[in-house]
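Trainee: Counting from 77, one number per residue, gives the positions in the sequence shown under the working numbering.
Hints in this document: simulated from the structure, not taken from any laboratory. Mixed in with the good hints, there may be bad ones.
Label-pair restraints from in silico Cβ distances [as the list claims (entries may be wrong)]: (1) 211 - 79: 30 to 38 angstroms; (2) 239 - 122: 26 to 34 angstroms; (3) 112 - 220: 22 to 30 angstroms; (4) 187 - 157: 17 to 25 angstroms; (5) 237 - 97: 50 to 58 angstroms.
Note that the Cβ used here is the ideal one computed from N, Cα and C, for glycine as well.
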Amino acid sequence: MFFIHDMEERMTLEPAYFSGESEAKILDELYQRVEGRNTGTMMIVRIMSITDVSDGEVMQGTGVALYTVSFQALVWQPFRGEVVDGSVTSVLMSGFFVDVGALQVFMIPTSFQYTVEGSTPSFSDVTADGFTIEVNTQVRLRIKGLRSEMGAMYAVGSIKEDYLGPLLQ
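Just need the whole structure built from these sequences, with the hints factored in.
Mentor: Below is the structure:
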């Protein structure tokens with residue numbers, strides 16, 4: 077789910093960049109460092125607005141200035157039970173991985189049978205629907221469990237409900 081989140085980041089500026097354009101340098105570095113970052117519990121999609129840039133405090137002994145930048149960001153945070161769409165990135169005998177933005181979801185298909193046709197591993201539907209799941213297939217799934225690490229998010233998902241599974245293309 078997407079949210080607007082108030083955030084704060086501490087930025088440093090080397091003495092070589094002290095000038096009338098110090099704030100522009102800090103903001104450029106903020107955009108490069110923060111946008112697209114995965115915090116482990118959410119992904120920062122975009123900085124929407126800068127709320128405040130504090131006055132710089134020179135750190136003793138180094139000459140580096142420390143600034144605190146407050147901003148609002150658009151973030152994506154997955155939740156247990158949420159239905160999402162993603163793309164299959166790899167297929168293994170035990171299941172397949174689906175990338176949903178920065179979230180990697182592992183799926184264990186129960187009503188699908190693992191097959192290898194040529195060099196392409198895939199899961200084929202054993203019912204009359206005849207769906208095939210292989211690399212680059214678009215899949216709609218429900219997140220059943222989440223695990224977070226610093227800089228990465230992982231989940232386990234399911235396609236065992238109505239309207240979930242491979243999307244028609």
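Trainee: Kindly confirm whether 22 to 30 angstroms is satisfied by the beta carbon distance between residue 112 and residue 220.
Mentor: holds (26 angstroms)
Trainee: Do the Cβ positions of residue 237 and residue 97 conform to the proposed distance bound of 50 to 58 angstroms?
Mentor: holds (55 angstroms)
Trainee: Holds or violated: 17 to 25 angstroms for the Cβ distance of residue 187 and residue 157?
Mentor: holds (21 angstroms)
Trainee: Starting from the range 26 to 34 angstroms, see whether the pair residue 239 and residue 122 falls in it by beta-carbon distance.
Mentor: For residue 122 against residue 239, whose Cβ atoms are near 30 angstroms apart, the range 26 to 34 angstroms holds.
Trainee: Using the beta carbons of residue 211 and residue 79, state whether their distance is inside 30 to 38 angstroms or not.
Mentor: At 32 angstroms between Cβs, range holds.
Of the numbered hints listed earlier, not one is contradicted by the structure.
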